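Chemist: Given next are the chains, with one letter for each unit.
4 protein chains.
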Amino acid sequence: MSKRVGIVGGSGYVGGELLRLLLFHPEVQVTQVTSRRYVGRYIHQIHPNLRGVTDLRFKSPDDLEACDVIFVALPHGETASGLDQWADLAAYIIDCSPDFRLRDASDYKRWYGRDHEAPEMLSHFVYGLPERHRAQLTEARYASGVGCNAVAVILALAPLAEAGLLETATVEIKVGSSEGGSLANDASHHPERSGVVRVYSPSGHRHLAEVEQELGSIPIHLTVTAIEMVRGIHLTAHCFLRSGSQLREEKDVWALYREAYAEEPFVRLVASRTGLYRYPEPKLLIGTNYCDIGFALEKGSEVLIVMAALDNLVKGAAGSAVQSMNVMLGWDETTGLSFPGLHPV
Amino acid sequence: MSKRVGIVGGSGYVGGELLRLLLFHPEVQVTQVTSRRYVGRYIHQIHPNLRGVTDLRFKSPDDLEACDVIFVALPHGETASGLDQWADLAAYIIDCSPDFRLRDASDYKRWYGRDHEAPEMLSHFVYGLPERHRAQLTEARYASGVGCNAVAVILALAPLAEAGLLETATVEIKVGSSEGGSLANDASHHPERSGVVRVYSPSGHRHLAEVEQELGSIPIHLTVTAIEMVRGIHLTAHCFLRSGSQLREEKDVWALYREAYAEEPFVRLVASRTGLYRYPEPKLLIGTNYCDIGFALEKGSEVLIVMAALDNLVKGAAGSAVQSMNVMLGWDETTGLSFPGLHPV
Amino acid sequence: MSKRVGIVGGSGYVGGELLRLLLFHPEVQVTQVTSRRYVGRYIHQIHPNLRGVTDLRFKSPDDLEACDVIFVALPHGETASGLDQWADLAAYIIDCSPDFRLRDASDYKRWYGRDHEAPEMLSHFVYGLPERHRAQLTEARYASGVGCNAVAVILALAPLAEAGLLETATVEIKVGSSEGGSLANDASHHPERSGVVRVYSPSGHRHLAEVEQELGSIPIHLTVTAIEMVRGIHLTAHCFLRSGSQLREEKDVWALYREAYAEEPFVRLVASRTGLYRYPEPKLLIGTNYCDIGFALEKGSEVLIVMAALDNLVKGAAGSAVQSMNVMLGWDETTGLSFPGLHPV
Amino acid sequence: MSKRVGIVGGSGYVGGELLRLLLFHPEVQVTQVTSRRYVGRYIHQIHPNLRGVTDLRFKSPDDLEACDVIFVALPHGETASGLDQWADLAAYIIDCSPDFRLRDASDYKRWYGRDHEAPEMLSHFVYGLPERHRAQLTEARYASGVGCNAVAVILALAPLAEAGLLETATVEIKVGSSEGGSLANDASHHPERSGVVRVYSPSGHRHLAEVEQELGSIPIHLTVTAIEMVRGIHLTAHCFLRSGSQLREEKDVWALYREAYAEEPFVRLVASRTGLYRYPEPKLLIGTNYCDIGFALEKGSEVLIVMAALDNLVKGAAGSAVQSMNVMLGWDETTGLSFPGLHPV
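Protein chains in written order, with my numbering: chain W, 1 to 345; chain V, 1 to 345; chain P, 1 to 345; chain C, 1 to 345.
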């Protein structure tokens, strides 16, 4: 019998992606979706791609009823305060916000500039990235969200970091406009946002908190740049390897990354010698749960260039959340996540 | 037991979409894909979105073996000459080219400028648009392709034409660059093609032949304009109604179109009073098999504005082909075609 | 000695273009620019392309001082109320708003839904399109703005209309996002606006009021569609010619349009048999004051397809305003308007 | 009296930009333009933005006649072989190709993989970047081209390098499709090129040869990535400063860069605390000769993030060439280069 799923905060972009994925997920039934702003409106009025797919309407979060799994896609800071209510209603809670990503409340304060509202709950959440915490998720009832940029950095650099090969890295991430959420602002006005190459975070991006938690205290210098793109993240990392690293040729890098990811259903290694799509390319991943990773070794130096791409709303948010649910509930991890992406697009 | 499917001419954009749809179709198994140019190459080297999805390689069309259904996605003029070979190999043939769309060989000559190579076969093909020929397809073994622009015009105007309400229409269709196929040329060079609003067919587009065959001899004045878009077709038609038409208010138009399409799984009526997506919008349909249709009645005139949108590679090609197969083989018509599209994108 | 120019309402997109053009105009000196919202801010903080070009700051409109020419680029409805003040300060006033485009106050009420605030001034304004009112502008002290879409329709169809050849026309205009102005809203949010083909005015667009005033009461059915573009207007018109029109071949159309526009510095006829840029193309006109016009005669019908393109912020607004000033002050009409546009772009 | 200018290889994108700039340059007259491919064709047939601007036609390079200045915009490897001919025809030669950028023929062989064809001429050329070689250009008769990516790196990092502050840097450059030239290929096919984030040079880009020549042997790790853009270069550099560098706060960086560039007409420092355009943005520079440079100091590390933007066809090619001509012929350096760029765009 299919599990009943509720989505709290279903009107934003992550909420929309949760709906797109869960409405077609064979093990679950979406029974309720909340939005304080759009109570009573049909879902397809806000998520026009779902026209004809569902007749659900948004309800008030105050009217949420018991179900099996609750997904939360609220803005930063709003999950912690609602947690008690939802814990009474569902056995499983999967958050997409930043609120429960960091294990240590003091890290939260340092990066988000305020006290955590439910520090006692932090230890109940597992970081919702199955590639890193699969075993824990199997046992967990609560999973945290993941930062979309953090996922790219973590998956791209983890093999190097875990092998003790990474001295330091500079990372340039290019992002699309959907990363900024569904609310309009001066910076998102089409004539101003269109065609930009706009460094909006030269350094100190908050997602580094998650990266540090996962990879340890390796110095990672991260810039984030908005480009002409709606969905997608592309990462280019210059990795300074520890001197004397065993990565002398690209086949050594292949071996290291294959060992890390060969069994992962959603991590693909992309580093071809020929063809147009030699390295990871975010446009191919639109709508998919893949994180593609590639690399190239610089000649005559100890620098490895690592590239990665993913869809910020899927692998960087709703897709990893659904994947985490699959793990937590014991289903095939890829269930409901098989869309392969489009070409050309 | 699943049906074995072969794809002839699988390296182009329509071939790629056939693969994307058929590799996930629960009733079929893709057993062979041909490409004269790429014999021996992995499919994902040409269709990079299928990386990790299939290990198939392209084979020579000369090595095609028996199977249950053959899809043909060859350039114009190449299907007619291969038909005999494929007819020996498979019971069902579904073409995507223009070769068997027109019932009358003289029409072919008039619009394509040369004699048809297999005129005796024309009567065996049913025009592969289930919304128009469902009953015939149920009995058919061969289905023709459909012109992507023709599908938009036919579905948008058919209810008016069949009700005898349409005096004449002017139609402006905007198309994306994938409509030009997968081969590069001067006009498709990114710096030249990017950002264009380029009328490439002011009048006399070949797809009008199909429109005339379906809708009769109503004068339709069609321009086709390339815009900044990869996938997608958007149609705006100014329909001059017969004077004294009963379409006095928009609810009359709703009634007419609802009657025509209420049962159609892939035609949606989109004409809202509010919201951002009030009318059909091709970007929402990327990857889907929908044709969305909307309309607005001009005040003080007998002009009805009809709008339509679809994905030229799906509803305008591979999707209608798969839908036709579903009808021909007696499966649920929506099988394998449930991708709802993305938002935002 | 150069003339002193003031710009009222200089923070919007039209204000920005006026500044770009006037700061390099050899006959004038921009001495003051107002913006109620940005008093005291440097101009380049709002118009970043002018960084290093001027040290002017915005001042309050209340502090406006005497000068020779005042350009007004305020939102609809705000010019009429300020007119008395500016008339005391400058001999020449060139408006860019819709407030003084229509000669008849009752037309204003019909199209804009409210009474005109200064109907007694309407007769003092000349419609600011030199291609249509050059002689009057030579004598005028006040010029009105022009509707960007109206300019495209008027210039595209005037030769036909004036020759009495036009029975009726359907017009599809595609526009960029800058036409919506500089203020963000839900519809202009990049993830929602990017890649759209969005019919935002199926019929009854206000600019038709200007078209009717210029071309007479020919039925013109106009839709306006937003596409992926920041600047630019592209028009496709299907013109139903009066039966028995003398336009039997394209050379007849050439003759008609050449007669109309051969001496016009900013109207170019573009209808080539070869090349990528056979017809008008808005991207080539970005930043320029050109309106390019092309045409194609449909075979076997009495339909002429006319195409036109222009930059909505230049020929459709600030450029025509500067051109009008040049005419009004007796300067070479092209002064300050020689930027030829870019390719590729 | 104006100088007569000839352009050799005028049909490509750099040739087109030379024409756009030189046709409006008040000190020169373009008297001849060559193109082997397009002999006899009007210039505006190839450069459609110049329609109505000039009636010149392309002539064969074999028919080149004497003039005052010859600009050469031929593909790599073709300048060296023609040099003797042009030296007989004109006193000044300004090349845009890579052929004479490197002073040392052995560097040429190392980076371009073949022997230089006219090594004896290398010493006659001055690197055509006035910001670096103004004094030499004043005396020079021959100027070399500059690499568009090289200009961005050199101008962005020179102040740090010359002050001995730069230990090493990683540089990520994003480029538009016009950087690939005017000839179509599989990678430039619009459906494939549109929307990409494609690392096409992970390391070892040839323009590093110029960077090394200008900045010395500082290790610079450069990746070049194609993004959705036609014109424009955007650079993000992570600069590892020598430990104990005096750059402790951003005002120190401002001081260093101001000292370097305060007098430069085409280098602007852009690092604002507020506004949408806080850092360099290539779209604002389309058509201009500016190189905008910005920076941000990372807290708690010795890493300075430097950003730069320019138009690859102007400051990265034709604009620097015209600027060099202005210096060489003793004219105001900004002559003909005052276009300020557009906003919005």
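Hints are computed from structural coordinates only; laboratory data are not their basis.
Source: prediction; values computed, not measured.
Treat each hint with caution, since some may be false.
If chains are identical, the list can't say which one is meant, so a pair holds when it fits in one copy or spans any two.
Unchecked claim - In silico SDA-like links for lysine to any residue, alpha-carbon gap of 20 angstroms or less:
hint, residue 1, residue 2
1, K59, S81
2, K109, E78
3, K299, T168
4, K109, R242
5, K59, H116
6, K3, A158
7, K299, E167
8, K109, K299
9, K251, E162
10, K109, G204
11, K59, K299
12, K59, S182
13, K59, E302
14, K251, I218
15, K251, Y261
16, K299, Q136
17, K109, R134
18, K3, H76
Chemist: So, for every hint listed, does it hold in this structure?
Modeler: Status of the hints after comparison with the structure:
no., hint, verdict
1, K59 / S81, "within (19 angstroms within a copy, 47 angstroms between copies)"
2, K109 / E78, "within (15 angstroms within a copy, 49 angstroms between copies)"
3, K299 / T168, "both (18 angstroms within a copy, 16 angstroms between copies)"
4, K109 / R242, "neither (32 angstroms within a copy, 32 angstroms between copies)"
5, K59 / H116, "neither (28 angstroms within a copy, 45 angstroms between copies)"
6, K3 / A158, "neither (34 angstroms within a copy, 43 angstroms between copies)"
7, K299 / E167, "both (18 angstroms within a copy, 19 angstroms between copies)"
8, K109 / K299, "between (42 angstroms within a copy, 18 angstroms between copies)"
9, K251 / E162, "within (18 angstroms within a copy, 39 angstroms between copies)"
10, K109 / G204, "within (15 angstroms within a copy, 42 angstroms between copies)"
11, K59 / K299, "neither (58 angstroms within a copy, 38 angstroms between copies)"
12, K59 / S182, "within (19 angstroms within a copy, 35 angstroms between copies)"
13, K59 / E302, "neither (56 angstroms within a copy, 42 angstroms between copies)"
14, K251 / I218, "neither (24 angstroms within a copy, 28 angstroms between copies)"
15, K251 / Y261, "within (15 angstroms within a copy, 45 angstroms between copies)"
16, K299 / Q136, "neither (40 angstroms within a copy, 35 angstroms between copies)"
17, K109 / R134, "neither (27 angstroms within a copy, 53 angstroms between copies)"
18, K3 / H76, "neither (27 angstroms within a copy, 50 angstroms between copies)"
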